[in-house]
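Undergrad: Those protein sequence lines, which keep their order, are chains S and H. Take 1 as the starting number for the first sequence in the working numbering and just add one per residue. Take 319 as the starting number for the second sequence in the working numbering and just add one per residue.
Incorrect hints may appear among the rest.
A partial selection of chain H residues facing chain S, derived with a Cβ cut-off under 10 Å [to be verified]:
hint, residue
1, Met319
2, Thr374
3, Thr386
4, Glu401
5, Ser441
6, Pro458
7, His459
8, Ser462
9, Gly463
10, Val474
11, Leu477
12, Asn478
Sample of chain S residues facing chain H (criterion: CB under 8 Å; computed from the structure) [to be verified]:
hint, residue
13, Val267
14, Tyr276
15, Gln277
16, Leu283
17, Leu294
18, Gly297
19, Leu298
20, Gly301
What the hints contain is simulated information worked out from the structure, not anything from laboratory work. Note that CB positions come from ideal geometry on N, CA and C, so glycine has one too.
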Amino acid sequence: MPLPCWFKINGPPVYQPIAGSAGKRIRLLFLDRTLKAAAGLMNEFIFCEGYALKEGLLQGLDPRFKLIGLLSLVVGVSLLHSLWALCGLCVLAVMLAALSRIEPAFFLKRVWLVLPLFAGAIALPATLNFFTPGDLVWKIGELERAFRIGPYEVPKEIGVTKQGLTAALFLVGRVGASLSFVLLLTLTTPWAGILKAVRSFRVPQVYVQTLGMALRYLMLLARIMEEMYTAKKSRTVKAGRIRAEQRWIAGQAGALFARSLQLSSEVHRAMVARGYQGEVKILIPFQVRTRDYLWLGLCLGLTATLVYFFSFQGIMGR
Amino acid sequence: MLFELRNIEYTFAARYPALRGIDLKIEAGERLVILGANGCGKSTLLHILAGLLFPTAGEIWAFGRRLTEEAFADASFTAFFRERVGFLFQNPDVQLFCPTVLDEVAFGPLQLNASQEEALGKSREVISMLGLEKISARSPHQLSGGEKKRVALASVLSLNPDVLLLDEPAGGLDPRTQVWLTELLNELHALGKTIVTATHDLSIVEDIADRAVVMDEGHAVVADGAPATILCDLDLLLKVNLVHEHAHAHEELQHSHGHSHFFTHRHDHDKK
Numbered sequence: 001m002p003l004p005c006w007f008k009i010n011g012p013p014v015y016q017p018i019a020g021s022a023g024k025r026i027r028l029l030f031l032d033r034t035l036k037a038a039a040g041l042m043n044e045f046i047f048c049e050g051y052a053l054k055e056g057l058l059q060g061l062d063p064r065f066k067l068i069g070l071l072s073l074v075v076g077v078s079l080l081h082s083l084w085a086l087c088g089l090c091v092l093a094v095m096l097a098a099l100s101r102i103e104p105a106f107f108l109k110r111v112w113l114v115l116p117l118f119a120g121a122i123a124l125p126a127t128l129n130f131f132t133p134g135d136l137v138w139k140i141g142e143l144e145r146a147f148r149i150g151p152y153e154v155p156k157e158i159g160v161t162k163q164g165l166t167a168a169l170f171l172v173g174r175v176g177a178s179l180s181f182v183l184l185l186t187l188t189t190p191w192a193g194i195l196k197a198v199r200s201f202r203v204p205q206v207y208v209q210t211l212g213m214a215l216r217y218l219m220l221l222a223r224i225m226e227e228m229y230t231a232k233k234s235r236t237v238k239a240g241r242i243r244a245e246q247r248w249i250a251g252q253a254g255a256l257f258a259r260s261l262q263l264s265s266e267v268h269r270a271m272v273a274r275g276y277q278g279e280v281k282i283l284i285p286f287q288v289r290t291r292d293y294l295w296l297g298l299c300l301g302l303t304a305t306l307v308y309f310f311s312f313q314g315i316m317g318r
Numbered sequence: 319m320l321f322e323l324r325n326i327e328y329t330f331a332a333r334y335p336a337l338r339g340i341d342l343k344i345e346a347g348e349r350l351v352i353l354g355a356n357g358c359g360k361s362t363l364l365h366i367l368a369g370l371l372f373p374t375a376g377e378i379w380a381f382g383r384r385l386t387e388e389a390f391a392d393a394s395f396t397a398f399f400r401e402r403v404g405f406l407f408q409n410p411d412v413q414l415f416c417p418t419v420l421d422e423v424a425f426g427p428l429q430l431n432a433s434q435e436e437a438l439g440k441s442r443e444v445i446s447m448l449g450l451e452k453i454s455a456r457s458p459h460q461l462s463g464g465e466k467k468r469v470a471l472a473s474v475l476s477l478n479p480d481v482l483l484l485d486e487p488a489g490g491l492d493p494r495t496q497v498w499l500t501e502l503l504n505e506l507h508a509l510g511k512t513i514v515t516a517t518h519d520l521s522i523v524e525d526i527a528d529r530a531v532v533m534d535e536g537h538a539v540v541a542d543g544a545p546a547t548i549l550c551d552l553d554l555l556l557k558v559n560l561v562h563e564h565a566h567a568h569e570e571l572q573h574s575h576g577h578s579h580f581f582t583h584r585h586d587h588d589k590k
């Protein structure tokens, strides 16, 4: 095979800085960020699956009973009308996490760092007196006169009301408590277990199977994407123009889409080769023990008691 | 006769030919290898044998019935065929679509109406046979390439098929796992299984087959015979692009001629 003559030219054996470009920093922000995000997705998934494989209180329960128990508590959370009861449930969730060998600090960070703050941001306007009229607890400013905007009356004095603050705290508390219980379910149960539990409640197979396969191939496509970006990074020595980068990303998105289409047809053939005839049958090796009934009884009992005493219609909620 | 292919043609997208005039007979209990360079149509031929693709012309018969889309519309024939013919895909990621290894291995028996207990029992036995116990609860995306290949094989073996169609089974395997695979295939053959392997890896041919079918880059079968005879026919191997000419050294002598590295340097030359 004749090689081009310029193949004979080899580079210097020792690094020699090029005048003008030496010391200049390369910023491959979008490549690095995308690579980090793809790797992060897989690491996060593997890291969280580690909790599901530990031997703890919730990991030892039948996923179906765990699912009903925790969902009953989530329903209870949405009906409660007492901040103290909501706080109590949040504390209960942290205790359950600790008994399931999930570090409380990690659990609290996961629950309270992002979503309730996001919920808090949404609830913030509701604390103001022109959305929730009531007793002013903090005066922000004063207008020349009161006026109306559509259904809202803007009072002369603008501030935070006690009623608005309570409503916002309820929203944040409910989101936090609900998220805690959902997180307990997802952290202590492998995805396969959750999907099978959902399937055993007669949720149509097509949804469960699609969800399971989507998750499985999301990981594969994330890996392919990571490889494509790494390949580009290995041949990139300077940041490209934004337009060129955008064109490259669009091209890769298209390639990934084409690859996922091809993959889906091959996966279908692989399913057919093993006897798939339109309806998937899956293994449901669940084993119900006394502790599962005990757990379910406790969850349902606690939810009923809390709703009885602390819901809007309940004894303490009136 | 287990499979009979009569003048099979297959064309992708009505433009790109993948198979041309294939006539082939496969007896029960045979160990057959389909040899050919990349893109010659080996995988397509295996897909046709597995009843996953249907020829654009010609006929394929298996188990005394012609394989057509209509034949597979019959649920009873489909169950009969799928239970008897197992297919190992070249890319294990295609084959591993279940959430865990155990689910993957149990998938086949469950689709073919095994009870939960039966499917679980068979799967656990196959998992133990292939030494996959430690990874049975893991998700396929967390496995290494070799582990994926073993799980894919387990997912086929749990059906206990009479015919195994293997597409590049040794591709990407380390030498130790390759030896393990060869031994496993020989044990399965000793039990009376028919094993059809598509590969371009000449180094495993004599270990896994008693008959070799060679396809050329024109997508046709150009030779059919004993592996030893085929592997010694250097002109044929050169013609179908399975070996190539390249330069190499014998002590001080540097020269080039067609050879492969599976039985390298079995040739005479004078030191000039």
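Undergrad: Against each hint, give a clear statement of whether it holds in the structure.
TA: The hints, checked one at a time:
1. Residue-level restraint check for H/Met319 is violated (minimum Cβ-Cβ distance to chain S is 22 Å; threshold 10 Å).
2. Here the hint on H/Thr374 is broken, as its CB sits about 17 Å from the closest CB of chain S, past 10 Å.
3. A distance limit of 10 Å between C-beta atoms decides the matter here; for H/Thr386 the minimum to chain S is near 15 Å, and the interface restraint is violated.
4. The beta carbon of H/Glu401 is positioned within 10 Å of a beta carbon in chain S (closest approach about 7 Å), and the interface hint is therefore held.
5. The criterion of a C-beta within 10 Å of any C-beta in chain S is met by H/Ser441, whose closest approach is roughly 8 Å, and the hint holds.
6. Using the Cβ-Cβ criterion of 10 Å, the hint placing H/Pro458 at the interface with chain S is satisfied: the shortest such distance is roughly 7 Å.
7. Among the interface hints, the one on H/His459 holds; its C-beta lies about 4 Å from the nearest C-beta in chain S, closer than the 10 Å criterion.
8. Here the hint on H/Ser462 is broken, as its CB sits about 13 Å from the closest CB of chain S, past 10 Å.
9. Interface restraint check for H/Gly463: the shortest CB-CB distance to chain S comes to about 12 Å, outside 10 Å, so the restraint is violated.
10. For H/Val474, the interface hint holds, since its Cβ comes within 10 Å of a Cβ in chain S; the closest pair sits about 7 Å apart.
11. Look at H/Leu477: its Cβ gets to within about 7 Å of chain S, closer than 10 Å, so that hint holds up.
12. Annotation: H/Asn478 was flagged as interfacial toward chain S, and the flag is violated, the nearest CB pair being 12 Å apart, outside 10 Å.
13. Interface restraint check for S/Val267: the shortest CB-CB distance to chain H comes to about 5 Å, inside 8 Å, so the restraint holds.
14. Hint status for S/Tyr276: holds, given a least beta-carbon distance of 5 Å to chain H, under 8 Å.
15. Because the beta carbon of S/Gln277 sits about 6 Å from the nearest beta carbon in chain H, less than 8 Å, this interface hint is met.
16. Residue-level restraint check for S/Leu283 holds (minimum Cβ-Cβ distance to chain H is 4 Å; threshold 8 Å).
17. At its closest, the beta carbon of S/Leu294 sits 25 Å from a beta carbon of chain H; the interface hint therefore is violated under the 8 Å criterion.
18. Taken as an interface hint, S/Gly297 does not check out: its beta carbon lies about 27 Å from the nearest beta carbon of chain H, beyond 8 Å.
19. With a cut of 8 Å, the hint placing S/Leu298 at the interface with chain H is violated, because the nearest CB-to-CB distance is about 27 Å.
20. For the restraint placing S/Gly301 at the interface with chain H, the shortest Cβ-Cβ distance is roughly 32 Å, beyond the 8 Å limit, so the hint is violated.
In this structure, the hints that do not hold are numbers 1, 2, 3, 8, 9, 12, 17, 18, 19 and 20, in rising order.
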